[in-house]
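Residue numbers (our numbering), protein chains in the order written: chain A, 88 to 339; chain B, 349 to 691; chain C, 18 to 293.
If you are wondering where the hints come from, they were derived from the structure by calculation, not from laboratory data.
Careful: at least some of the hints might be erroneous.
Each computed DSS-like pair below joins lysine-lysine, with the alpha-carbon atoms no more than 25 Å apart [stated by the list, open to error]: (1) Lys486/B - Lys125/A; (2) Lys522/B - Lys689/B; (3) Lys89/A - Lys191/C; (4) Lys537/B - Lys522/B; (5) Lys689/B - Lys245/C; (6) Lys245/C - Lys522/B; (7) Lys546/B - Lys592/B.
Per the computed footprint, the stretches of chain A lying under chain C, defined by three or more beta-carbons under 8 Å from a beta-carbon of chain C, are [what the hints assert, rightly or not]: (8) 195 to 209; (9) 222 to 230.
Glycine included, every Cβ here is placed at the ideal spot set by N, Cα and C.
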Amino acid sequence: MKQRALGFYAVLVYAFLHVPLLVLAVFSFNSSKFTVWKGFSLDWYKAAFHDAGLVEAAVNSLIIATVASLLATIAGTLCAYGLWKRSAPILSNSLYLSLVTPEIVTGISLLALFQWMFRFLKIQLGMHTVILAHIAFTLAYVVIVVMARLRTFDPALEEAAMDLGATEWQAFRQVTLPSILPGVLAAGLLAFTVSIDDYVITSLVAGVDSETLPMVIFQMARRGVSPVVNAISTLIVIALGGLILLSERIQR
Amino acid sequence: MNRRTFLMSAAAGTLTACSSRNARRLNVMNWGDYISPNTISNFEREFQVRVRYATYENNEELFGKIMSGNSGWDVVFPTHNRIDPLRDMNLIAPLDHARLTNVQNLFARFKNPVWDRNLDWSIPYMWTTSGIGYNRVKYSPAPTSWRDLWRPETKGKMTMLDDIDDVFGAALAKLGLDYNSANADDLRKAQRELIAQKPLVRAYISTEARDQMVAGDVLICETFATTAQLAIDGNPDLAYVLPKEPYAAYCDCAVILNESKRRELAHEFLNFILRPDVSAEIAQTIRTATPNEKAFVLLPKSTQESQTLYPDAATLARAEWPLTLPPAIVRLRDRLWTEAKAA
Amino acid sequence: MKRLRAIFLAPARTINFVLFLAPMAIVLAYSLLSRGVYGGVERPWTFESYTRLIDPLYGGILLRSFWISVLSTGVCLVLGFPMALFIARSGARRNLYLNLVMLPFWTSFLVRTYAWMFLLRDTGLINTVLQSLGIIHEPLPLLYNDGAVILGLVYGYLPFMILPLYTTLERLDKSLLEASADLGATPFVTLTRIIIPLSAPGIRAGSILVFITCLGAYLTPDLLGGSKTVMIGNVIQNQFTSARDWPFGAAASLALMALVMVMLLVVLRRDKEQML
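So here's chain A without its partners, still in its complex pose:
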């Protein structure tokens, strides 16, 4: 398969993925509230910046997604490695199950658990409960992605390292881990993405002071197209897109 032909195809797929974003961007500059073009305006961007609650929600989301995906990636990678060495059916099946569970059931069950626990501990819902919930539901994603990568790794390499005198831990850290690192990073990326966009579970276990960006956006957008939300989304895309390009430039 020629890379050029694939490249052409990739452009089409990128178009498919990004055209809705373009739509959002265009309407974020629309002076009318509705999806009929009336004129150019920056009003919605001003409104977005003036909304302190929005900024706070964005910060909360970033914190939650970063902490949760980091912890889930670490736990998940170690878990995938352990399962790869020798299977543990109960754990694997229960990880599968966590994927299959509908979000609302996960949310309600975690809420029930937290409320029951908190009756004794006298704490309320807050950022900590959201982070715990996010770790819980992203774990399986991490394990699956890292596992897929591990399946392409030759165990003989590890054995060779140990024959040469390395301990198990050293073999893992210096031979296996670097080789599966792209898989680990991809898993972390997936966990981060799933976490930052989660609404159902988060809204159930969030406390009074832990609003996240999806919650705020959902609230604003549930009534229909909201140009402020379009402005926010466009800002997110520009900010993160810029970050991506920047990190690429740095790595060169």
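Please arrange chains B and C on chain A, whose structure you already have, making use of the hints.
Chains B and C in isolation, oriented as in the chain A frame:
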């Protein structure tokens, strides 16, 4: 927006946030897009408090959050037919009318409504109806009855509300039956009507109908007065009419949660939103009807005379205020609705 | 040897036990209780929720959901595979291209879905463009049908397919492909005999992730299907919201989970490799 303004507002925001950590707090949860941006900031300024304001999209979401009795919220706004359940579940606190001097501003009929005779537990906040929105230019003749939503000409251009009680209500009223019927046979007849209607229905949507009506995708629909009014604001070809059969009216009410440790402040907030100028501003911003008489007179003439938001007495007499249904009927309705949708 | 493995598994085991198995025990309890008058659960204990599930209505909805999920997974696989291959082969630019795939998914799912609704509407962008170009005269019904739902599902879950595929394809040894070409294999044969089998773990992982997630979807059928399509996710969602019948929702979820687990175990037992 230049950089200086941005930095200044960011700095101001941070300073306010820091200082307000020491100020008093009030946690309010309301429907989305259901308050004016100034209301909260005015209240914060006048009473020197910081208000945490969040929103929800339906009563069930509200229930889910406050059911534990340990949610952290102080004031919430359930729809009128949820007040009895909340009281039964011991989730709301009785109101102290000595602190609610502005209650007298309400219209007489909202001072002793059927869902809370003496306003012991709630105060009416905003109300609306569910009727028929349509495009006067592209769709004729003008609808007058729920039957008009079953006409073959509407195919592909008509939407119904995505709400069991509203669709069943329309079907029941079309058949001349009780809008709130708890009779299983009546409900089955209504279900048959809904299944017959399904090929004509473009979609079951609630608030998304607004944009679709403005753009012209939808020419006639079952919708709320508020949604219709917002759509009319965006496209003057649109109109809203209440059918000649009974239709539903809903009132969202403010209540104070039993778990709240800030009852005094909560009462201040309730009293604040009962002020004529505050209520009028909210009503104008969110385009819905206020139950506050003194606020009503502050509204522009065109709004006061709008039949969309403030139907005349004769029309209003046909309004049904849905009350809580027994669980067995809720289960039956859900089952019939699922069957109808899967048909 | 065993101790290290036990340590490695420990964090995941703890998380899974406390934050998944314990809540699931609660869900099981819920499914065996009766509905509270206004939502929630209360005694008496009963099997009623399970017996109510045995009903052609729910069987039909389940089949429909399976069918839509299978279609969506298939489309994701076909669309995602060449994309993952492209990214895996792009050398130094891999991370950039991967991030560009993920970028749309860092904006809100709801907002992206609304953007699609705008594109697909009768008065939306696609129809307007096609009509102004004279290709069609009446707007195409692109929204509020099963096709729109599948489009929404594919759009929403494509990364779940691309990422696992990418992780396996990235490992693909270029020299294998060169050897295959040297031996006279056409690109098609190289694809079917070498690339696809070697990326099987990724294909399995991606397909399972997408299929399972599609099965539980409720927002997409609601928004893009106009609530006219009932999927099993909608039924379950309903029970915890407007129907206020938590026990039934819990029972339906557990039944669905059990069904999918059985399916997965059967499918994976046929291959000697387990996925997890």
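Report the numbers of all earlier hints that the structure fails to satisfy, in ascending order. none
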